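With chain Z's structure known, arrange chain X on it following the hints.
Going line by line, the protein sequences match chains Z and X. Our numbering numbers the first residue of the first sequence as 1 and each following residue consecutively. Our numbering numbers the first residue of the second sequence as 1 and each following residue consecutively.
Keep in mind the hints are simulated off the structure, nothing from the lab. All values reported here derive from a predicted model rather than from experimental measurement. Be a bit skeptical, because a hint or two may be false.
[Stated by the list, open to error] Here are the in silico distance ranges between beta carbons for each label pair:
id	chain 1	residue 1	chain 2	residue 2	range
1	X	12	Z	405	24 to 30 angstroms
2	Z	26	X	122	50 to 56 angstroms
3	Z	363	X	12	56 to 62 angstroms
4	Z	334	X	289	40 to 46 angstroms
Every residue, glycine too, gets a C-beta built ideally from N, C-alpha and C.
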Amino acid sequence: MNKLWLIIKREYLIRVKKKSFLLITLLAPLAFATLTLGMGFISGYMATKSSKKVIVKDDAGIFKSFNSTKKGNTYDFTSMPLDSIAKTYDKEGYDLLVHIPDYDGNSKKINVQYYSEKKPGLITLEKIERRIGRAYKNYNIDKSDVDKELLKSFAVDVSLENAKSKSKNDKTGKLSVIIATALAGAMGFLLYMVIFIFGTQVMRSVMEEKINRIVEIIISSVKPFQLMVGKVVGVGAVGLTQLTIWIIFIPVIMMIANLIFGGGIDSSNISELQGQINPDDLKDFNISQVINEFFALNWWVILPAFVLFFLGGYFLYSSLFAAVGSAIGDDQGESQSLIMPITIPVIFAMIIMMNTLNDPDSPLAVFGSIFPLFSPIVMPARLPFDPPIWQVILSLALLIATCVLFIWMSAKIYRAGILMYGKKLSIKEMGKMIFKK
Amino acid sequence: MPVLKIDNVVKRFHNKTAVNGASFEVNKGKIFGLLGPNGAGKTTLIRIITSILKADEGAVFLNGEKLNEFHPTQIGYMPEERGLYKKMKVGEQLLYLAQLRGMSYKDAKKAIVDWMTKFEMQDWWNKKIEELSKGMQQKVQFIVTVVHSPKLIILDEPFTGLDPVNTELIRKEIMNLSANGTTIIFSTHRMEQVEEICEDIVLVNEGKVILDGKVAKIKEDFKENKYKVEFAGEINDDLLSGLEVEDKDGSSFVFKLDIGQTSNDLLKILLDNGVSIKSFNEILPSLNDIFIKLVTD
Numbered sequence: 001m002n003k004l005w006l007i008i009k010r011e012y013l014i015r016v017k018k019k020s021f022l023l024i025t026l027l028a029p030l031a032f033a034t035l036t037l038g039m040g041f042i043s044g045y046m047a048t049k050s051s052k053k054v055i056v057k058d059d060a061g062i063f064k065s066f067n068s069t070k071k072g073n074t075y076d077f078t079s080m081p082l083d084s085i086a087k088t089y090d091k092e093g094y095d096l097l098v099h100i101p102d103y104d105g106n107s108k109k110i111n112v113q114y115y116s117e118k119k120p121g122l123i124t125l126e127k128i129e130r131r132i133g134r135a136y137k138n139y140n141i142d143k144s145d146v147d148k149e150l151l152k153s154f155a156v157d158v159s160l161e162n163a164k165s166k167s168k169n170d171k172t173g174k175l176s177v178i179i180a181t182a183l184a185g186a187m188g189f190l191l192y193m194v195i196f197i198f199g200t201q202v203m204r205s206v207m208e209e210k211i212n213r214i215v216e217i218i219i220s221s222v223k224p225f226q227l228m229v230g231k232v233v234g235v236g237a238v239g240l241t242q243l244t245i246w247i248i249f250i251p252v253i254m255m256i257a258n259l260i261f262g263g264g265i266d267s268s269n270i271s272e273l274q275g276q277i278n279p280d281d282l283k284d285f286n287i288s289q290v291i292n293e294f295f296a297l298n299w300w301v302i303l304p305a306f307v308l309f310f311l312g313g314y315f316l317y318s319s320l321f322a323a324v325g326s327a328i329g330d331d332q333g334e335s336q337s338l339i340m341p342i343t344i345p346v347i348f349a350m351i352i353m354m355n356t357l358n359d360p361d362s363p364l365a366v367f368g369s370i371f372p373l374f375s376p377i378v379m380p381a382r383l384p385f386d387p388p389i390w391q392v393i394l395s396l397a398l399l400i401a402t403c404v405l406f407i408w409m410s411a412k413i414y415r416a417g418i419l420m421y422g423k424k425l426s427i428k429e430m431g432k433m434i435f436k437k
Numbered sequence: 001m002p003v004l005k006i007d008n009v010v011k012r013f014h015n016k017t018a019v020n021g022a023s024f025e026v027n028k029g030k031i032f033g034l035l036g037p038n039g040a041g042k043t044t045l046i047r048i049i050t051s052i053l054k055a056d057e058g059a060v061f062l063n064g065e066k067l068n069e070f071h072p073t074q075i076g077y078m079p080e081e082r083g084l085y086k087k088m089k090v091g092e093q094l095l096y097l098a099q100l101r102g103m104s105y106k107d108a109k110k111a112i113v114d115w116m117t118k119f120e121m122q123d124w125w126n127k128k129i130e131e132l133s134k135g136m137q138q139k140v141q142f143i144v145t146v147v148h149s150p151k152l153i154i155l156d157e158p159f160t161g162l163d164p165v166n167t168e169l170i171r172k173e174i175m176n177l178s179a180n181g182t183t184i185i186f187s188t189h190r191m192e193q194v195e196e197i198c199e200d201i202v203l204v205n206e207g208k209v210i211l212d213g214k215v216a217k218i219k220e221d222f223k224e225n226k227y228k229v230e231f232a233g234e235i236n237d238d239l240l241s242g243l244e245v246e247d248k249d250g251s252s253f254v255f256k257l258d259i260g261q262t263s264n265d266l267l268k269i270l271l272d273n274g275v276s277i278k279s280f281n282e283i284l285p286s287l288n289d290i291f292i293k294l295v296t297d
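In isolation and in its complexed conformation, chain X is listed as follows:
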């Protein structure tokens, strides 16, 4: 059973349809990429999952149950627009937000201390948020998101504004949480980040799901039979006459094979002609390429 099921969700605002019949499923323990350009409807979709907005049509199911008022306690949400009470102290702010998420005072306190220790920020309990650096605030923000041990964590553009050290720290934590069975939805318009982290993705554009599946499978589906060959020495132009060359420089070629041709066929031609091959790689399309292709087609 999927942790999250989005079933034909529609959300209209007075002058436009932000989500237009979106359906997809997210499986337990996966890191799931919710992708799309700015304005595609990602944030609206997330706000529907987090019960901030109500869908006009369709339904959202969490662990098989239709979204109800108890579900927010099982979801951790880090909005793209980060926010904390500037004048409140770190400790009391975390306690307040954790209790709003349904934790008891005692459990909240313990979990907060654990997380603060993990991030080496034990001494910040009585510091006001406005006294902290941007990076420190991001750590507090992350703890707010995960402190109540949610089953589903939604991160909207989590790496925006993070320096490389903190990016790595948060990335590691995301991986840890995922390994412990937490499901994570990672929303972004920066496709290259997703390729590294996510196993499954859904691609939305103009409120519609235009692509859905495993990253590896999607890449496989969209590959164009292209291979890059690096070689030593010269290649005779006659040799290339029967092949489609997409790109070349002094030491490498990119070939696009015809339908029916395999990489072995290409290798055979090259070897038979005495080309000294240094490397031979299949070129898979990036999600960015796939996205651009889908949107412009």
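For reference, chain Z alone in the conformation it holds in the complex:
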């Protein structure tokens, strides 16, 4: 026990005492903030730059005007014959020429043709389609006897609210879903990062000892299992330290950044990019409502479960990374083929997690949150949506059982692998080691 503690302490201190640890820990939140803000800037910039100049040849004569908005495409009209404008539109600086054919006022399906030198993007085409469709609709309304104001008065603004919402404010049922989605995404993504970053660190540390040959001296004093567990725990503790610092720092820096740069950024672009939350949904709520809803979440389940999935996921994958580290020969370049089988499930889990955010109770999400290779990333993303408690417990039980099994298997590979110098082990050989007594 004492020796295990020594190993954990060394693995922890050697990393935490490095200048680069301090640097990364402090700079990563800054980098994260810069990245988020940068993405906001870029998407805002792209939105203005990606707008196309379109010239319309309107034979139907139904378009009175195309109001060009700030972000959208710009539209001009021409009365030139189609043949000649088709030859010159690009020289006049237009990206597209759209030809609207004569309209009989009855057809429900109209083919509008466009001319373009370069292939336009799908989004551009869809925008133009929507625009033209709206124009036809308005034209048809105008032509009919229907009163436009009357038509508008039929519209009703619907807001779907949760009948069981704990919040007294009738507007916040949706807010709780928005907050749950944000929290779910953050937790799932965090675990994905943790598994990759710290799992790889465990692997490197194992490889370092093997390549340095010091491992032989160490395991003549302690059991290989102690060394492996000490390493995994030590590196995991570094991860927890870093996470704690980040959880405190990132929101603080984001807030400061928002105060400083807030005016210059169109925050809707950030959310649009993330795709999950519509910023328009947020503007109806004030900060105190957000805070209330945040604390109304089922933290008594979320927090302990998150910690358990964090530990389970980290131990499961880092023990696999340790086994792979021990199986790699002196040539570190060979490692790819062995790392692949570990990274594939992690990436799968990430993809399922993304889908879970949109539909937390879909069969895929339920499967992903229970299957032990995916659950450390997928289940945290379901936790804020109050999944059935039996699913959480089943998932945890499976995760813990798998974790024990994987640590046991990895220890077997590790024990033999660290002493095999020079050559990389194949997956087949690793399999043999597991079943050797």
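Frame of chain Z; chain X shown alone:
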């Protein structure tokens, strides 16, 4: 009672038997040679003694007790493949490894300072291993092996990669430790080093012990009754007719005596014939010769 007793140890790997029923004993305070060519099973045997590997059959006894989890603290081991944490400082590395060997922080610190003073490396405490020269690293490696005052020290090819100055330094320390009662196992495939240092040896080949005993006794057992005579002047060829000459040049002969003949018989013949003898030596086989003879027979 022997410090170390290896009793019929067998170790198999999936496609070969690395140690095949090896048995021998090592006595207290001796420098013991574990010899054999590359791949003979020496390193596997050492890894079993150091508890890195478990024997499939047989047992290892340290001071009469079957190997248990407390024994690693009594053993110092320098593997053939040397290794230290490159990025760790000398002092903290030594402290860490000494504590893993069961020393308290305080005892470890004191012992490390003593050894560093002995090797005149007091100023290296805060230097990283990667900043040291190869020779300096070897000294650190040696301290790692001996810092916890083990009763048994196992050195696997200790002189590989050492320059003559460091070889001498380490050799002297090995002798010192031995004189103070520490038992040392010295594993190598370079037989000539062993003859100078070791009193007892065991010779392994293909996982089996093929020879075991005192160096002097082994040489005696394997000697072939050969004598080298250096002389002045000429020797008449007729004189040699009754003797078996193995080798000759202008000023010396190597004779191999028949069974029953003694060196005195040979001397008498030479003296009676008026040969002017400058030197007369018995030729003992080197361990290398013995080994080659045993393996090829």
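Return the numbers of the hints above that this structure violates; sort them in rising order.
-> 2 and 3
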